[in-house]
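2 protein chains.
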Amino acid sequence: MIEADKLMINANVLAMDTEFHKFFPGAIAISGDIILAVGLEEEILQKYSSLEVIDCQGKTLMPGLVNAHTHVPMTLLRGLADDLRLDVWLMGYMMPVEREFVSPEFVYLGTRLACAERIRSGITTFADMYYFEDSVAQATAEAGMRAVCSQTVMKFPTPDAASYEESLAMARDFIKKWKGHPLIVPSVAPHAPYTCTPEILRATADLAVEFDVPLHIHLSETALEVENMRKDQGMPVIPYVKKQSIFEAKVLAAHCVHIDEGEMRTLKHANSGVAHNPSSNLKLASGIAPVKRMIELGLNVGIGTDGPASNNDLDMFEEMRLAGFLAKGSSGDPTALPARTTLLMATRMGAQALHIGEITGSLEPGKRADLILVNTKLLHNSPHFQHDPQSSYAQIIYASKATDVCDVMINGKWVMRNRELLTLNEEELLEQAQIYAHKIDMFLMQREESVLSKLIAVGGALEEESFEVQVKVRIKDREEVHLALRKSNIQILRSKHYRQYDTYFKFPDASQGYLRYREDNSVDEKGEVSGVRSRLTLIGQAFEYHFPQEVMLWRSRYFAPASQTLRFYREYFKPSGEHEIEKDRLRFMVSYKGTELYINIDEVKKPSLGYFLEIKSRTWSRKDAEDKSRLVLELIELLGVSSAEPLAKDYVEMG
Amino acid sequence: MIEADKLMINANVLAMDTEFHKFFPGAIAISGDIILAVGLEEEILQKYSSLEVIDCQGKTLMPGLVNAHTHVPMTLLRGLADDLRLDVWLMGYMMPVEREFVSPEFVYLGTRLACAERIRSGITTFADMYYFEDSVAQATAEAGMRAVCSQTVMKFPTPDAASYEESLAMARDFIKKWKGHPLIVPSVAPHAPYTCTPEILRATADLAVEFDVPLHIHLSETALEVENMRKDQGMPVIPYVKKQSIFEAKVLAAHCVHIDEGEMRTLKHANSGVAHNPSSNLKLASGIAPVKRMIELGLNVGIGTDGPASNNDLDMFEEMRLAGFLAKGSSGDPTALPARTTLLMATRMGAQALHIGEITGSLEPGKRADLILVNTKLLHNSPHFQHDPQSSYAQIIYASKATDVCDVMINGKWVMRNRELLTLNEEELLEQAQIYAHKIDMFLMQREESVLSKLIAVGGALEEESFEVQVKVRIKDREEVHLALRKSNIQILRSKHYRQYDTYFKFPDASQGYLRYREDNSVDEKGEVSGVRSRLTLIGQAFEYHFPQEVMLWRSRYFAPASQTLRFYREYFKPSGEHEIEKDRLRFMVSYKGTELYINIDEVKKPSLGYFLEIKSRTWSRKDAEDKSRLVLELIELLGVSSAEPLAKDYVEMG
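Residue numbers (this note's numbering), protein chains in the order written: chain F, 1 to 655; chain G, 1 to 655.
The hints are simulated quantities; they were obtained by calculation from the structure and are not laboratory data.
Any given hint could turn out to be false.
[Said to hold, decoys possible] 16 angstroms max Cα-Cα, derived EDC-like pairs, lysine to aspartate or glutamate: (1) 377(F) / 428(G); (2) 377(G) / 431(F); (3) 377(G) / 603(F); (4) 496(G) / 637(G); (5) 496(F) / 603(F); (6) 574(G) / 477(G); (7) 22(F) / 5(F); (8) 377(F) / 520(G); (9) 574(F) / 596(F); (10) 377(F) / 105(G); (11) 593(F) / 627(F); (12) 6(G) / 33(G); (13) 496(G) / 603(G); (14) 377(F) / 427(G); (15) 593(G) / 626(G); (16) 439(G) / 603(F); (17) 177(G) / 199(G); (18) 22(G) / 41(G); (19) 6(G) / 41(G); (20) 606(F) / 582(F); (21) 506(F) / 449(F); (22) 574(G) / 449(F); (23) 243(F) / 212(F); (24) 22(F) / 364(F); (25) 413(G) / 87(G); (26) 583(G) / 637(G); (27) 377(G) / 502(F); (28) 593(G) / 637(G); (29) 606(F) / 449(F); (30) 377(G) / 364(F); (31) 574(F) / 388(G); (32) 439(F) / 388(G); (33) 593(G) / 603(G); (34) 242(G) / 173(G); (35) 243(G) / 212(G); (36) 605(G) / 524(G).
This structure is a prediction, so every number in the text was calculated from the model and none was measured.
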């Protein structure tokens with residue numbers, strides 16, 4: 001008799017090995033962190049004995065689930081913002097909050113929260129990608145979970161690094177520190193082709209090869225990503241990253257929603273793993289990955305939950321079920337991805353996708369003891385049929401719930417028994433998480449208080465506030481005024497011809513002012529558009545001052561480059577109303593008596609308001625404004641339109 | 001102070017009324033089966049008092065979920081067969097098992113099992129369609145659940161009726177018996193346009209109108225259904241059923257996966273409810289219903305689980321989540337079906353789809369007290385954000401699980417408290433269900449033992465077994481033999497020209513014989529195909545007998561009309577190999593010395609085997625076979641091919 005540390009008997013064993021062995025009543029013998037034997041109870045008991053014999057009471061004993069792609073610390077951002085378009089969600093909410101809050105402490109707490117949720121739902125191994133990955137690894141190891149932990153590198157500043165060189169150095173240190181750990185496989189994650197330079201892709205691949213660790217990357221998540229790549233590089237995403245040598249490394253490619261047959265073959269040839277994230281891909285409307293075909297081609301496809309901020313949970317049972325359903329529904333073939341294949345993706349094949357298939361993913365002698373017990377005899381999973389050998393798999397995929405997982409062992413150690421967590425204090429974690437949520441709530445509520453603070457949150461480099469004096473008069477003929485200007489002694493420093501397309505967002509609280517999205521098309525002498533730029537201007541409420549003889553306006557303005565689309569700003573700022581103004585503008589920067597001013601000779605085409613002359617100058621004080629208003633009046637005289645009635649309104653207020 | 005029977009306080013109330021009121025801390029006052037008031041705890045406590053005050057401990061209090069379409073007794077068939085095409089699943093498994101097992105007892109038990117599962121997952125109301133609906137209603141009322149129970153009517157014999165007249169009479173009795181019940185709304189269910197005649201559709205609509213009860217029907221579930229309808233009736237499904245007057249009744253239309261904008265408008269105009277079943281539609285690869293557009297057009301769309309044999313559970317939380325995800329993923333718009341809308345579909349709008357919106361679906365004074373408490377403070381649903389008023393809905397849709405439902409009240413009565421069922425004995429139900437599953441297993445395992453019993457299970461009217469003597473010789477020229485036949489004194493009773501396309505299924509156990517799927521194309525004198533028919537023949541192993549001078553064959557044959565497609569039989573019988581034979585056959589029924597025989601003059605084209613003469617006759621005894629073998633040899637002589645070597649093989653055995 002061979003002495004084992006633990007014997008588990010009376011189990012319905014799904015080994016998920018290459019022969020798909022099933023044993024009932026089955027048993028498993030474990031020594032330390034290693035599986036000694038799996039088989040029929042009778043046979044195991046003839047060969048092995050142990051002081052600790054666990055009666056599994058007919059529960060299903062199977063390998064722990066492998067969550068192939070996620071960003072675990074984002075548990076702390078779960079439910080922060082939903083039902084939004086990817087860019088609004090990411091750049092309007094996730095990134096500003098991450099910039100403000102992500103720290104080693106945040107990451108450590110978020111990871112522990114995630115580990116608790118994962119263990120509860122039968123996950124024993126996951127592949128993570130985030131910032132401060134050292135804290136992720138620390139929390140994961142302490143919780144007793146297995147993970148491929150990937151330190152993010154990208155071309156932008158991140159919460160943990162001001163430059164890509166810095167994060168690459170962090171990744172190197174991180175890998176050195178954790179390489180060889182019994183639970184943690186360190187890895188490097190160039191975030192995505194569109195957030196990395198070719199140099200970053202090559203440098204991270206070199207690093208992964210040097211230490212023989214996996215390289216974790218987002219590839220072809222959205223159609224837009226592929227479209228942009230084709231436009232910029234003349235090829236889709238997979239050939240492009242191949243050109244940057246990333247397939248020299250052991251790649252784990254997350255998403256792969258929009259890849260063609262040739263790209264699948266490239267991934268297969270490179271022995272890359274793929275992480276399929278059905279919930280996230282649907283919720284963010286990225287699309288449906290061609291999983292059925294990938295499996296047919298022999299790719300190792302795992303299943304991932306993606307981050308809990310876009311899912312919104314870490315439930316692999318939901319994810320498996322959805323993966324199966326979606327492959328059937330999208331291919332029109334209900335026999336696609338049968339239950340056993342789906343479970344394989346979430347276990348052995350998932351581990352292979354993470355490049356740790358030799359140590360986990362199935363119940364086989366020599367592999368680490370990563371296993372779970374599932375109660376498949378509950379109400380929602382009854383009755384049981386025996387006539388079809390596939391029905392044990394169908395039960396798990398189509399009817400089991402995460403809450404049916406009773407016990408979880410990782411690396412030979414129990415981390416949950418009878419649904420009680422052994423390595424984490426749930427109460428304490430929930431309390432700490434709520435404190436963070438409250439802080440984030442405060443941050444967002446303050447931001448939402450004013451259009452200006454929301455603008456600052458997404459604007460990146462925002463230009464300074466400025467005030468402006470302005471006079472506007474209706475004119476009959478643009479050419480006449482233009483001629484008068486050319487003939488006058490006003491010195492023209494610069495002149496430009498624009499077509500301007502303005503969208504004004506209005507808000508219920510008028511004191512917030514307007515937000516203007518302007519697209520400036522500069523027009524050359526031939527009348528052709530020679531350049532396009534967009535910018536945002538937050539225009540404060542107008543204050544009218546009655547300077548000598550004339551009405552002048554004085555209002556605050558904030559400028560920001562409009563790096564996002566009009567649609568983005570619409571969904572982000574949620575204006576209560578919108579107005580469009582189109583105009584043709586002759587713009588002159590002039591010097592008059594040593595002062596710089598702007599003269600606009602406009603035709604407002606939409607709505608059709610006619611012709612206008614505007615004279616404007618930035619200002620900074622009441623005194624300066626008074627001085628400039630005098631100059632403005634002199635200019636009006638000079639241009640021969642002094643009899644016109646000045647208008648105290650912006651175009652948007654006329655209509 | 002007004003005295004209430006029950007006061008529930010300290011709840012996070014989502015009223016799901018037309019203003020989408022939320023109250024925290026909120027309260028509800030209940031008298032008997034009726035909601036008296038819903039509001040802020042402070043206000044409710046100023047007006048109402050009660051001897052029973054329940055502290056909800058901050059849990060979410062919301063209307064119970066409405067499962068808009070299902071076949072509840074099929075809990076007993078959950079997991080019976082998965083990952084199959086709709087026809088194989090339905091006609092290969094579900095219908096044969098239903099024919100054998102469905103009885104009032106089966107239905108009663110299955111419904112109680114379903115009620116237990118539903119209550120556990122927060123469902124208070126459902127719409128059912130099945131056989132012996134009186135037993136469904138009985139079990140539902142005893143469990144204290146609310147339901148629209150629909151008695152099925154169709155043109156085929158059903159487990160509960162030999163003819164449609166009989167089931168229509170059952171439906172009338174059923175409606176009379178249950179009309180006015182506080183929990184049960186009886187209804188009639190013409191199963192689907194393709195399983196009903198126009199008369200059935202009209203008669204059931206008349207019945208529904210006569211008693212002012214809903215009419216429940218499957219409409220446009222698959223693309224094939226629509227395609228067939230267009231072919232047969234020159235219009236899609238909705239106009240067709242409109243022509244049969246079904247919209248005179250209050251219709252609940254299940255599925256509506258393949259309907260166009262015009263059909264949506266017809267449904268809207270008729271005030272029809274729609275039941276969207278995302279899991280079932282994906283799992284059976286029927287497609288994705290255009291739910292986003294239906295909601296935009298103002299249709300009342302509810303969410304249903306469909307039967308547990310095609311889902312495989314009755315979990316409305318999974319269903320809501322999937323409905324939301326799928327609308328986003330399929331429309332490419334992540335803002336489609338925001339969480340609040342999805343929850344609305346599963347509550348108030350679902351009740352409206354069932355035509356019982358005036359009594360349930362939201363927490364409003366005057367409505368019945370159908371409500372649930374959900375713990376939204378568990379690990380997988382933490383932390384909580386307050387900055388976005390939509391986040392309470394997002395929590396329920398994207399992160400809550402059925403197992404988070406703690407308490408359920410229906411019609412003012414508790415049916416679950418602290419996850420303990422009060423009206424059903426779970427243990428007992430599970431035991432009884434397992435007994436049924438065992439019987440069904442035995443039935444299916446016996447059936448699967450032989451190809452013949454599987455053939456009988458799906459064959460409907462199977463023809464009798466027959467034996468055959470047969471001789472076959474290779475010939476050089478078909479015309480020569482044909483001429484010899486015409487010139488001989490053999491009396492030709494009938495002659496036919498066929499092109500025959502045969503597919504032979506082989507099985508690992510050779511004693512099972514072959515199963516042949518034959519498509520016979522009869523060819524007229526001009527060489528045009530004048531008719532097509534398909535049939536199945538199970539051909540037993542050949543026994544060779546050496547009659548005087550020649551080898552003869554003798555083997556059993558079973559015939560069945562091939563009402564399904566070749567693909568159906570392939571997936572149903574799962575052959576280990578296939579062979580195709582194509583031939584051109586001149587077939588003669590002849591009389592020779594008072595005995596009827598068949599003469600075939602064949603050209604085997606695929607594989608290209610050449611020309612053959614076959615002479616065959618059915619037989620029933622050794623003696624008769626010996627007599628016939630003598631006649632056959634005489635015929636060979638007469639036809640001038642007696643020198644050819646007889647072949648003891650079918651074409652499929654040559655190749």
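Against the structure, the hints come out as follows:
{"no.": "1", "hint": "377(F) / 428(G)", "result": "holds (13 angstroms)"}
{"no.": "2", "hint": "377(G) / 431(F)", "result": "holds (10 angstroms)"}
{"no.": "3", "hint": "377(G) / 603(F)", "result": "violated (59 angstroms)"}
{"no.": "4", "hint": "496(G) / 637(G)", "result": "violated (23 angstroms)"}
{"no.": "5", "hint": "496(F) / 603(F)", "result": "holds (14 angstroms)"}
{"no.": "6", "hint": "574(G) / 477(G)", "result": "violated (39 angstroms)"}
{"no.": "7", "hint": "22(F) / 5(F)", "result": "violated (23 angstroms)"}
{"no.": "8", "hint": "377(F) / 520(G)", "result": "violated (50 angstroms)"}
{"no.": "9", "hint": "574(F) / 596(F)", "result": "violated (37 angstroms)"}
{"no.": "10", "hint": "377(F) / 105(G)", "result": "violated (22 angstroms)"}
{"no.": "11", "hint": "593(F) / 627(F)", "result": "holds (11 angstroms)"}
{"no.": "12", "hint": "6(G) / 33(G)", "result": "holds (10 angstroms)"}
{"no.": "13", "hint": "496(G) / 603(G)", "result": "holds (14 angstroms)"}
{"no.": "14", "hint": "377(F) / 427(G)", "result": "holds (11 angstroms)"}
{"no.": "15", "hint": "593(G) / 626(G)", "result": "holds (15 angstroms)"}
{"no.": "16", "hint": "439(G) / 603(F)", "result": "violated (85 angstroms)"}
{"no.": "17", "hint": "177(G) / 199(G)", "result": "violated (24 angstroms)"}
{"no.": "18", "hint": "22(G) / 41(G)", "result": "holds (12 angstroms)"}
{"no.": "19", "hint": "6(G) / 41(G)", "result": "holds (13 angstroms)"}
{"no.": "20", "hint": "606(F) / 582(F)", "result": "holds (5 angstroms)"}
{"no.": "21", "hint": "506(F) / 449(F)", "result": "holds (15 angstroms)"}
{"no.": "22", "hint": "574(G) / 449(F)", "result": "violated (65 angstroms)"}
{"no.": "23", "hint": "243(F) / 212(F)", "result": "violated (20 angstroms)"}
{"no.": "24", "hint": "22(F) / 364(F)", "result": "holds (12 angstroms)"}
{"no.": "25", "hint": "413(G) / 87(G)", "result": "violated (42 angstroms)"}
{"no.": "26", "hint": "583(G) / 637(G)", "result": "violated (25 angstroms)"}
{"no.": "27", "hint": "377(G) / 502(F)", "result": "violated (46 angstroms)"}
{"no.": "28", "hint": "593(G) / 637(G)", "result": "holds (15 angstroms)"}
{"no.": "29", "hint": "606(F) / 449(F)", "result": "violated (32 angstroms)"}
{"no.": "30", "hint": "377(G) / 364(F)", "result": "violated (38 angstroms)"}
{"no.": "31", "hint": "574(F) / 388(G)", "result": "holds (13 angstroms)"}
{"no.": "32", "hint": "439(F) / 388(G)", "result": "holds (14 angstroms)"}
{"no.": "33", "hint": "593(G) / 603(G)", "result": "violated (28 angstroms)"}
{"no.": "34", "hint": "242(G) / 173(G)", "result": "violated (26 angstroms)"}
{"no.": "35", "hint": "243(G) / 212(G)", "result": "violated (20 angstroms)"}
{"no.": "36", "hint": "605(G) / 524(G)", "result": "violated (19 angstroms)"}
Checked against the numbered hints above, the structure breaks hints 3, 4, 6, 7, 8, 9, 10, 16, 17, 22, 23, 25, 26, 27, 29, 30, 33, 34, 35, 36 and satisfies the rest.
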